[in-house]
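Listed here are the chains, written in short residue letters.
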Amino acid sequence: MTRTLDPANRTAPASVGLVWRIIPPGLYGGRASTLVERSALVNRRGWFVLVGGAFEPILFLWSLGLGFGQFVASVAGPDGQPVSYAAFVAPALLAASAMNGAVYDATFNVFFKFKYAKLYDAMLATPMGPLDIAMGEIAWALLRGGLYSAGFLAVMLGMGLIASPWALLALPAALLVAFAFGAVGMAATTFMRSWQDFDLVQLAVLPMFLFSTTFFPLSVYPGWLQAVVTWTPLYHAIELMRGLTLGVVGWGMLGHVVYFAVLAAVGTVVAARRLGSLLLD
Amino acid sequence: MFVNVGGVENLVEAKALTKHFGTFEAVRGIDVEVRRGEAFGFLGPNGAGKSSTMRMVACVSGRTGGELKVLGMDPDRDGPKIRARIGVVPQLDNLDLELTVRQNLQIYGRYFGMSRQRCREKAVELLEFAQLADRADHEVEPLSGGMKRRLTIARSLVNDPELLLLDEPTTGLDPQARHLLWDRLFRLKQDGVTLIITTHYMDEAEQLCDRLVVMDGGRIAAEGSPSELINRYSTREVLELRFQPGAEKPDLERFAERVEVLPDRLLLYTQDGEHTLAKVHEHGVQPIQSLVRRSSLEDVFLRLTGRTLVD
Amino acid sequence: MQTLRASWFGFEKHWLWYRRNWRATAVSSFLSPLLFLVALGLGFGSQVQSTALIGGVPYLQYLAPALVVITAVQGATFESTYAIMSSFLWQKTYIGMVATPITPAQVVYGQVMWIGSQLFVRSVVFVVIAVALGAAGGPGIGLAVLFATLAGLAFSCPLIAYSATLDKPDSFNTVFRFVLMPMTLFTGAFFPVSQLPNWLLPLVWLTPAWHGIELARGATFGTLGLLPALGHTAYLVAMIAVGLFFSVRFFHRRLAV
Ligand SMILES: Nc1ncnc2c1ncn2[C@@H]1O[C@H](COP(=O)(O)OP(=O)(O)O)[C@@H](O)[C@H]1O
Ligand SMILES: [Mg+2]
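Respectively, the protein sequence lines represent chains Z, U and B.
Here the UniProt record's numbering is used: the first residue of the first sequence is 1, the next is one more, and so on.
Here the UniProt record's numbering is used: the first residue of the second sequence is 1, the next is one more, and so on.
Here the UniProt record's numbering is used: the first residue of the third sequence is 1, the next is one more, and so on.
I should point out that these hints are in silico values taken from the structure, not numbers from a laboratory.
Keep in mind it's a predicted model, so treat the numbers as computed, not measured.
Virtual Cβ for every residue (Gly too), placed ideally from N, Cα, C.
Check before you lean on any hint, since a few could be wrong.
So, partial list: chain Z residues that the calculated Cβ filter (under 10 Å) puts toward chain B [stated by the list, open to error]:
hint : residue
1    : G52
2    : G67
3    : S84
4    : N109
5    : F111
6    : W166
7    : F191
8    : W231
9    : Y259
If the Cβ cut is set under 7 Å, some of the chain B residues that face chain Z in the computed set are [to be verified]:
hint : residue
10   : A39
11   : F190
12   : S194
In silico DSS-like pairs for lysine-lysine, Cα to Cα no more than 25 Å straight-line [unchecked claim]:
hint : chain 1 : residue 1 : chain 2 : residue 2
13   : Z       : K118      : B       : K92
14   : Z       : K115      : U       : K279
15   : Z       : K118      : U       : K279
16   : U       : K189      : U       : K148
17   : B       : K168      : B       : K92
18   : U       : K69       : U       : K189
19   : B       : K168      : Z       : K118
20   : U       : K81       : B       : K92
21   : Z       : K113      : U       : K69
22   : U       : K279      : U       : K249
23   : U       : K81       : U       : K15
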């Protein structure tokens, strides 16, 4: 989108000018919430699918207690103290499901609406702008993700896998993680040409899910691999969740929070600008 | 000149407007003025640049060069403000297939920031207008082409637009569905809505438009009311003569003001078709079929570009 | 003979498509099962402190034959849902095929042949990699290829019949979530079914995955008796037969003009 600003009219101070350069006028109409309203309307009949989404993580948790936990009595937790295997993996699954849900919503669903349903074309003929679309889609994904995460935490509590009141913060943390993954996923989607490219999404998400210390501690890896693993976003998410549900909390965790806040902001702006330049060519 | 936003008489004003896609020039410098209350047409074949122009006016596509004011505002700066006051019917329906007919209208109203109550009322009113009341709570997908088109038009009216943009509103519809749509568009015009219509059907342009431009290859070839254009670029009547395929077509220049040679027939432009036909017969020319008709915009287009509108 | 040849044409059509789109399937069919084997077998396996539950064999070796079966069943699920619906509705491949002398029944057989051969090839590749990783508990793991293909088809055929009755893909999500997912986790691939509550066992016995895993693991570790082997195999073959029967009927109903 090449929106040229008439220099004579740019009376805004320099700081506002910068914001305008990142978020040009016309990008945002302030109506992102109506997109959430639409999603709610569409899913009103599909509440079954919505609720069903909570089913999967619960199965996972259950299989942890019944099966996997029987092989491994305890694992070293974040502070080196041994914790039960279920208590070790459960927060990691919470992080992973926040990632999976957000990525799914932001890639498959958005690609479909964008490419085939032409839904966004219709929206952009109204006062809404690309940023409304990006924020609206992400907000809906978060609402849904939040619902699942809350259910997941409740089940964890019921199974005695929560060791600290800090776990209350795991819900907003899960939302932040989902926000970041959703925004980056959506930005990536705007670069995709066909369904074939979604293998690349799988290729990014699956190894992260399996190897970012979800099922076993970092110490399993040789030194150089450890460094690689600690760079992945899911590792940061898992560290955050594990610390909160196990009550091992420190100032260092704010680093993870900042990491995801930056991802979320950059992802949203890139997604909105890319959507704009694709739809408003 | 554009300060008084509410009172502008030219709802659209374009000067030397251009649109490039990469190195391709889709719109090559057009000047257009659309006055309040009129029905304005862009007549031209596929690829003329009609949709590209409409998308710029609808503020969903930035211009490459030239000047453009819509409702007295600059689309680059005031896109959302302009879009709030216009209605858009795109060339291809982009209805929300996950919602019912009624919900399509209601949610669209919400995109404009209307209250839920107002959206509900408006939806009822528009369902009536589009003659879709009995389908209100049906899915969109199974509707016929004409119904979908009417729904798209109804949707574009949800914000009571001052200016309605219709990109090929009846392309692909059967004659009955077209007439029904034309009837609805007449009503809108009577209600004072300014219409901009693109079409490659000359009958549609003649029926609906007070004024139009003939567009070809990204440029405007002529401008005026349908009758003005016909008077200026054509004769009163046309004699069409059809010959055996492959047979050599006789030279009949001297019997008409102008002759167009098409692959399958000859068109003789003349003030009195019957008289010309008699003279042609006298001369010993025996076409297998002949037809006298009034001149149309099709003939204007042929005169201006040397090509037919629909190929 | 006629049927075989006609079905073969259907098969060829699929192969042509695959040659153009192999990259798409390579990730889901080869890479992801391999990643699962490494992450769970080696990674999680390294944390295992007690193998009493699984008869003292290394966890990696315990997991490998079962994972071949689970992968085949999962692959079969995707090939028998969206792919079928797409051929009916979106790409209309089937409509085009029955416009030729090919009958609906032959369309079904061609489709099933295609799925079976894909499952077979994927299983072979998986087993070769597993052997290279030292995940083979015995030479019998080679037989896991056959049993995995059989189990995959046993799930595929009834699912094809079901897919042939649908006009919308909405209920596939339900199949994935409420059938495939529990079947993956709770049919003995990752931990013995003896850990499950008793009331759940009859449900487990109904799944093709459990029968396939019993066969594949039994063959790998040489613990498979002749009678159980025949029983499991008979059950899977019966599922295939019943599935085929209904698939042919539903294809007929849908494609007959
Ligand atoms: N997004 C685009 N990218 C590249 N070329 C385009 C694009 N949109 C339209 N064109 C080209 O611009 C020309 C004019 O198209 P269009 O405005 O759609 O014409 P019309 O609506 O009169 O049929 C066509 O040759 C078309 O191929
Ligand atoms: Mg067009």
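Consistency of the hints with the structure:
no.	hint	in the structure
1	G52	5 Å, holds
2	G67	3 Å, holds
3	S84	12 Å, violated
4	N109	13 Å, violated
5	F111	14 Å, violated
6	W166	25 Å, violated
7	F191	17 Å, violated
8	W231	18 Å, violated
9	Y259	24 Å, violated
10	A39	4 Å, holds
11	F190	6 Å, holds
12	S194	10 Å, violated
13	Z:K118 to B:K92	23 Å, holds
14	Z:K115 to U:K279	60 Å, violated
15	Z:K118 to U:K279	58 Å, violated
16	U:K189 to U:K148	21 Å, holds
17	B:K168 to B:K92	14 Å, holds
18	U:K69 to U:K189	22 Å, holds
19	B:K168 to Z:K118	20 Å, holds
20	U:K81 to B:K92	45 Å, violated
21	Z:K113 to U:K69	31 Å, violated
22	U:K279 to U:K249	16 Å, holds
23	U:K81 to U:K15	21 Å, holds
Consistency with the previously given hints fails for numbers 3, 4, 5, 6, 7, 8, 9, 12, 14, 15, 20 and 21, ordered from lowest to highest.
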